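There are 2 protein chains.
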Amino acid sequence: MTPPHPIESLNWRRLRYERWQDESEGWPRGTVRLPDGAIVPGYPSIGRILDLRAGVRTHFGDAPFWVEEKVDGYNVRVVRWRKQLLAFTRGGFLCPYTTDRVRRWIPAQPFLEHPDLVLCLEVAGPETPYAEHGPSYLKEDARPFAFDAMQLNRQGFWPRERFYALVDRYGIPTVERLGRFSLGTLDRLLPILARYEEERREGFVLKPALPGSQKRYLKYTTAASAIDDLRVGAPWLADLPAEYFTNRLLRLALALCEEGLDRKRHAEDLGKALLGPLTQAIAEFAQTRHVAHTYRCRLHTKTAALELMRHLKRHGKGRVRRRKLFRGEDGMWHLVFEREAASMSGILGHLLAGGAMFD
Amino acid sequence: MTPPHPIESLNWRRLRYERWQDESEGWPRGTVRLPDGAIVPGYPSIGRILDLRAGVRTHFGDAPFWVEEKVDGYNVRVVRWRKQLLAFTRGGFLCPYTTDRVRRWIPAQPFLEHPDLVLCLEVAGPETPYAEHGPSYLKEDARPFAFDAMQLNRQGFWPRERFYALVDRYGIPTVERLGRFSLGTLDRLLPILARYEEERREGFVLKPALPGSQKRYLKYTTAASAIDDLRVGAPWLADLPAEYFTNRLLRLALALCEEGLDRKRHAEDLGKALLGPLTQAIAEFAQTRHVAHTYRCRLHTKTAALELMRHLKRHGKGRVRRRKLFRGEDGMWHLVFEREAASMSGILGHLLAGGAMFD
Chain Y
241 MTPPHPIESL NWRRLRYERW QDESEGWPRG TVRLPDGAIV PGYPSIGRIL DLRAGVRTHF
301 GDAPFWVEEK VDGYNVRVVR WRKQLLAFTR GGFLCPYTTD RVRRWIPAQP FLEHPDLVLC
361 LEVAGPETPY AEHGPSYLKE DARPFAFDAM QLNRQGFWPR ERFYALVDRY GIPTVERLGR
421 FSLGTLDRLL PILARYEEER REGFVLKPAL PGSQKRYLKY TTAASAIDDL RVGAPWLADL
481 PAEYFTNRLL RLALALCEEG LDRKRHAEDL GKALLGPLTQ AIAEFAQTRH VAHTYRCRLH
541 TKTAALELMR HLKRHGKGRV RRRKLFRGED GMWHLVFERE AASMSGILGH LLAGGAMFD
Chain B
241 MTPPHPIESL NWRRLRYERW QDESEGWPRG TVRLPDGAIV PGYPSIGRIL DLRAGVRTHF
301 GDAPFWVEEK VDGYNVRVVR WRKQLLAFTR GGFLCPYTTD RVRRWIPAQP FLEHPDLVLC
361 LEVAGPETPY AEHGPSYLKE DARPFAFDAM QLNRQGFWPR ERFYALVDRY GIPTVERLGR
421 FSLGTLDRLL PILARYEEER REGFVLKPAL PGSQKRYLKY TTAASAIDDL RVGAPWLADL
481 PAEYFTNRLL RLALALCEEG LDRKRHAEDL GKALLGPLTQ AIAEFAQTRH VAHTYRCRLH
541 TKTAALELMR HLKRHGKGRV RRRKLFRGED GMWHLVFERE AASMSGILGH LLAGGAMFD
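Protein chains in written order, with the numbering used here: chain Y, 241 to 599; chain B, 241 to 599.
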């Protein structure tokens with residue numbers, strides 16, 4: 241069987257663009273080519289360390305690095321093309337939702353000043369079309385958090401100082417910036433990590449601080465985020481790769497050991513995080529004959545909401561069903577849709593009807 | 241690539257036998273052919289139901305079935321060949337350990353009376369070369385529990401009444417026999433299931449009771465055994481298939497729902513069962529640079545102990561190292577060996593040295 245061509249051609253309205261389904265021509269997965277040939281580079285994978293101190297020692301040695309909050313949302317890259325801001329997902333799809341929202345979130349000026357700017361945002365909150373779970377400090381809707389700038393037609397990030405100057409000049413909201421650290425001053429990060437555990441934030445991204453450094457970014461996530469991921473993933477037990485669960489168990493155990501967290505409390509949280517949603521999914525299946533998650537999000541236009549539904553049905557995982565689309569008192573279009581955990585529904589259907597498994 | 245031939249030729253002492261590595265010639269995996277051509281049929285896979293009542297309704301309808309304890313040990317088939325009892329593992333290997341022990345566990349008479357008898361035993365206890373965990377009612381060494389009789393050169397089990405008569409006549413120890421049930425009398429099984437949960441027994445095997453029934457066996461395991469499996473498996477998180485863990489989470493959640501067990505207590509037990517052994521494995525690795533489990537078992541002869549070590553090194557999973565072999569005050573040879581969780585050791589070595597993962 242020939243593998244599919246790594247570059248796929250797609251349309252959004254009158255825009256025809258290409259998306260890198262896989263690494264090709266030296267560009268990573270998620271890279272996008274616009275009609276004028278401009279390349280929006282894919283956002284690279286970031287290595288995860290599971291032991292913060294040892295990871296810093298091994299990767300940065302004594303070199304300084306910036307630490308920023310890793311926000312639990314979804315990653316998009318924003319460019320300005322023919323007078324409009326466009327947002328592309330990590331996979332390289334034009335996102336109708338983010339494209340609809342981004343023009344009120346981010347001013348056009350930085351793109352006028354830097355026409356080849358690619359602004360990287362994490363979009364997070366309780367109401368997004370992709371994330372089932374958001375940071376606890378966001379109580380409604382969704383918000384953007386800028387965390388990197390890249391440029392068209394080349395790989396690599398803007399230096400931190402230049403990026404910080406840009407976002408400050410234009411008042412662009414960013415992830416929390418925690419400052420500059422090195423192996424020698426890592427202890428100053430520990431109280432912040434403890435606060436992140438308490439606030440159930442996702443974790444840190446560590447970015448090299450020396451100009452021209454060839455070092456790569458690293459990420460480290462909290463024990464709290466491992467447990468939250470397990471809770472969110474549990475109803476998708478049969479739909480997600482089983483390693484989703486084992487990887488997070490390992491992260492959790494290593495974070496507990498290194499951070500010296502309360503093991504009894506975390507064991508209880510872990511057990512509840514797994515069993516609560518699983519027994520709830522079983523009860524839900526008994527009522528409705530399927531397991532599904534309900535998503536809500538708000539858009540400025542009805543057209544964008546309909547485009548989003550088409551996008552999710554065509555490219556998303558699991559069966560997606562629209563539940564509601566109405567104009568709210570805030571003047572926004574409120575979309576409510578369900579995504580079915582298809583394998584979980586299938587397996588529960590088989591087992592609760594008395595079916596057997598051979599394992 | 242050509243798949244390996246499904247039938248492998250092996251030696252034990254002067255016995256040359258063949259082992260079915262896979263289904264072939266109509267016989268299941270684990271089938272053995274002895275030098276005179278006699279076939280020891282492989283023990284078939286048993287379907288697992290995760291909803292006891294629905295499973296019974298679907299598979300047995302109104303037909304009666306016997307219920308027996310499922311003991312948590314390892315499965316061997318015993319035959320008498322040239323005046324000696326030989327024991328073969330589920331995979332079809334001659335087991336030097338069980339062959340050494342079985343002549344004091346099981347009398348020869350039933351095999352004299354039935355020369356083509358294949359006696360199926362579960363061997364369980366805190367000291368076996370294969371199981372890391374045994375039933376809580378066994379405090380030392382290992383014990384056999386007969387649960388089926390088959391015969392040479394054909395598939396299928398002896399009818400229950402005939403099997404029960406055989407083991408009773410010769411005083412052969414068996415798994416707990418719980419009696420005859422049907423869908424209409426299933427409620428009588430529920431207090432026994434509750435007792436099995438309390439005693440942390442593994443579960444039940446359900447066997448059709450009508451003569452000539454074409455129905456297959458079924459198994460159902462307790463919530464307690466799902467948690468115990470997770471505890472025992474946790475240090476092997478990276479060595480076992482990730483589905484080992486997700487399958488048991490699903491079993492646990494379904495058993496909790498059907499049996500109406502205390503969710504808070506089981507959530508706490510689950511969290512501790514996963515995190516306790518994982519953090520212990522990390523601490524062990526920090527001390528010894530590897531994660532390993534120590535096994536102990538007792539044999540009548542030193543020769544059998546050495547044969548067992550050779551068998552485990554050649555055919556077992558993970559690196560095996562002998563730690564001790566000495567004659568105890570009970571006159572038995574005591575073997576102590578370690579099996580390394582090789583992937584877990586490798587991954588912890590990488591991560592605790594600050595290595596990154598891309599996930």
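Please keep in mind that the hints were generated in silico from the structure rather than gathered at the bench.
The structure presented is a predicted model; accordingly, all values stated were derived computationally and were not measured.
Keep in mind that the hints are not guaranteed to be accurate.
In silico DSSO-like cross-links for lysine-lysine, where the CA-CA straight-line distance does not exceed 30 Å [claimed, not checked]:
hint, chain 1, residue 1, chain 2, residue 2
1, Y, K379, Y, K553
2, Y, K553, Y, K504
3, Y, K542, Y, K512
4, B, K379, Y, K504
5, B, K459, Y, K504
6, B, K504, Y, K504
7, B, K459, Y, K512
8, B, K459, Y, K379
9, B, K504, B, K459
10, Y, K459, B, K459
11, B, K557, Y, K512
12, Y, K553, Y, K564
13, Y, K512, B, K512
14, Y, K512, Y, K459
15, B, K459, B, K557
16, Y, K564, Y, K459
17, Y, K553, Y, K542
### Query
Any of the earlier hints contradicted here, and which numbers?
2, 3, 5, 8, 10, 11, 16
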